[in-house]
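Residue numbers (the working numbering), protein chains in the order written: chain A, 1 to 385; chain B, 1 to 370.
These are calculated hints, taken from the structure and not from any lab test.
Treat the hints with caution; some may be incorrect.
To give a feel for the contact side, a few chain B residues facing chain A, derived at Cβ under 8 Å [to be verified]:
| # | residue |
| --- | --- |
| 1 | P246 |
| 2 | N324 |
| 3 | R326 |
| 4 | P367 |
Please read all numbers here as calculations on a predicted model, not as lab measurements.
Note that CB positions come from ideal geometry on N, CA and C, so glycine has one too.
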Amino acid sequence: MQRIIFHVDMDAFFAAIEQRDNPKLRGKPVIVGGTGKRGVVATASYEARVFGVGSAMPSIQAKERCPHGIFVPPRMSVYGQVSKEIMQIFGHFSPLVEPLSIDEAFLDLSGTEKLFGPPQKTAKRLQEEVFKATKLTCSVGIAENKFLAKLCSEMNKPKGITNFLFSNIPEKLKPLPLNKLWGVGPKTLKKLNALNLKTFGDIQRSDEETMVEHFGAHGQKLFHLAYGRDEREVTPGEGQKSIGSEMTLSEDIQGTKEVTKYIRRQCNEVAKELRKKGLRGRGVRVKIRYTQGFITKTTQKTLESGLQDSTSIFDIAKQLLARLDLNKPMRLVGVTAFELTQEQEQGQMSLLDKNSKQERREKLEALSDKIEAKFGKGVMLPPGA
Amino acid sequence: MKFTTQSSELTKALFRVQGIADKKSTMPILAHVLIEASNAGELRLSATDLEVGLTGNYSAEVKKPGSIAVHARHLYDILKSLPDGDVDFEVTDNHWIKITSGKSNFKLVGMTGDDFPNLPSHTETDIFKIPSDDLAQMIERTIFCVSSDDNRHNLSGVYCEVRDQKTLRLVATDGHRLAFTEKNFTNELPFEDGVIVPKKGFQELRRVLQDNDAVETVELGFTNNSGFLRADNVTLTTRLIEGQFPDYQQVIPKDSGEEIRISKSKLGQALKRVSLLSQGKSYGVRFQFNDNTLELVAEDPELGNAHESIEVAYQGEPLTIGFNARYIMEVLGLISEESICLELTDDLSPGIIQPLEEKGFLTVIMPMRI
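Go ahead and model the full structure; you've got the sequences and the hints to work with.
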C-alpha cells in the first residue's frame, strides 16, 4: 500500500494569532518577539517577511530592516492552547499524529482514500476545519514519506497544498540546494560544499560508499534522502516529558530564604499541574541562573516512585538547593518534575506504605484542588505560599 | 606450614566458603580463604566478605603449624579436580603453596595469613540450642520474602525475636508480602530484643545444614551488632542489620475476612499454566470467586488469554482480586499439607495464606491492580 504522509505547518503561527486577536494588527507587519536588548524574533507576519525579517533574527536587526514593524511580546500560554486545538483537529483525520513542534505535525493518512477521498481533497478539508475552528491558516505537504512531506509543505506558503505524490521524485529533487536536505546543518553543509556537492543532484550522482566514507552512517542517510527515500514511520508523540515552573525575576534575589520562598510556590504549581493531568514525576530538577555571567545551574534527583504532592516535591527541591551556592545574586529560579508516569500504574500494591505521609499529603492536596474549584483560587493555601 | 589431608574433605570445606569469599571486593584478601594448621592436628578454614564470615574445623596430619591465605576459587578448582586420596600442602618462601597429590604438582601464589581480617568471636554471648531441622524450615519459610531492594536496608534480612522465652519468631517482608513463622521450644531461649539477620547469613547457614545431614542441633547467639550460628564443626558469624524492622503485627490483618479452603496442588498447577499468558510476564493473575468456583484469568494484549476454574468452598459475594501468581506459588511450595486457607477481605486489602491445619506459618500478600 502506498504511504500517504501529510506535513501540516501553520502559517506565521504566533504572528497570525496576534493579528487574529487584535484587528488593528491585521494587514500590518507584526513581529512577535522580545523587544529588550537581548530579544530575538520568534515569528514575523508575512507583511514583515517582505522586508527580510525572519525567525531567530535579533530584534534590533529586525527593527533596522522593518522600522515601521509592530513588535508584540509573545503569549506562549495562548499559543499552547491554540496548538492543542489544532492537534486535536489533526486527530480527526488520523490517529497517527506526530507533533514536531508547537505549530507543525506529521499525519499518516495511508489507506484513508475510501474514507476521505483523494489526498488533495483531504488536505483542503483539513485546512478548512483548522480555519473554521481557529481562524488560522496552514500549509500542507503531501508525499509518500516524512522527509518529502516536510520538504514540500513550505513550497507554497501560506495556505498552500503541495502534492509530491508522483513518480519521478529524484528528477524533481535534483536542482534543490543541500540546505533543504534533512539533517544538514551549517557544519555538514560546509563539508558537503568542500566535496563540491551543492545540490541533491550532486549527491545522487556521487555514490553511497563515498558518502559513508565521509559522513559515516549519517552519509548513508543523506544519500537516500537525496533520492527522496525515507522509511521513518509517523510515531504519535510519547506525551509530555516534564512539567516545570520557572520565573525570571523582575529583581535579583539572593540567599536561601529568598530562593526557598519562590521554589515553594513553584512546587505548588508543578504539583497542581501533575494532579490535573493525572501524572506523577519520578524526577525533580531545580534550576537557578546567576545574574553575573548569566550562568545557569541545574541539579536533579530521580526517585524510586513518582510524586504528585507539593510538600514531597518541595522536600526534594530543598535537598537539591542545598547543593547550590545561593549567596550570589540570581535572576531566575525554577522547579521541574520529569520522568512522568501515569498515576495509577497497573501493578503490585504496597503492604507497608499504605498510610504513608506522601499518601496523606496527596489526599489533602487533591481535596484542596476540589475546594479551590468550588470556591475560587486562593481559598486554600499550603504553608509558605 | 605443612600438612596432609584427604582431598575430598578439603574440597567439601572449600565448597562451603565459595559463597562467602568475595571475588568482587576491592580488597584482594577477601577473595582468599585463610588456612590455619595447629599442632593439635586441626585445620581451620575461614572466609569472610566483612558481612558474613565462616570458619570450619577439619582434621589433618599437621607436620608444621602455620597459616596462609589462598585464592578460594583457584584452590577449590584444583582440589575438586584431584582424585580421592591424600593431598600434601606445603608453604614455601614468599607465600608460595606447593600442593602435591600423587604425581600432580601445583604451585600457587598466596598471601600472608596475617593480613586476613579478624572474625568476631562470641565467647561472651548467651547461646541457645534448637533443632537444626526446625531452624532450617523456619528460614526456608521466611527468606523468600526478604527484599532485594538496596534502598530498603531494614528489609534486607530476616527479623528474629523470642517471645516469652519459649517461642522463636522469624519475619521477613519485601514491602509487597510478608512471611511470618513461629515455633515453641521446650528449652529456654535467653534472648529478648529483635534482631535483623542479613539474608546472606541465613543463606550460608542453610547451605551448611543442607550438606551435612548429621547436624541435629544448631547453636545461636546474638550480641548488639553480630550474630553467631554454629552447626557441628562450622561457625558462621554475621553482622546484624541496623535499623528498625517495620511493625509486622500492624501489617497482619486482624479482622478475619472470608476464609476459603483450596486444594494446594490444584491451585499451584493452575497458576503455573494460567500465568504463562500474564501481561508482560508480570505474573498478574485475576482470581474471580463466585459460588464455589475460583476462576483464574490471565491476559496479555499481545499474546492472548488463559482461563482455568477450580472448585473451592466459597459462598460469599462474588469477588475479583489480582495477585502476583509467583508470590502465591512460592508460598504453596512451603506448605506440606494438601489444603490451604486463603483469607480475603476485598480487592484492595491484603490476603492471608496459611496451611489449613498447621499453626505458626502465614504469608500476607498485597493484591495487584489488574
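Tell me, in ascending order, the numbers of any earlier hints that this structure violates. Structure breaks hint 3 only.
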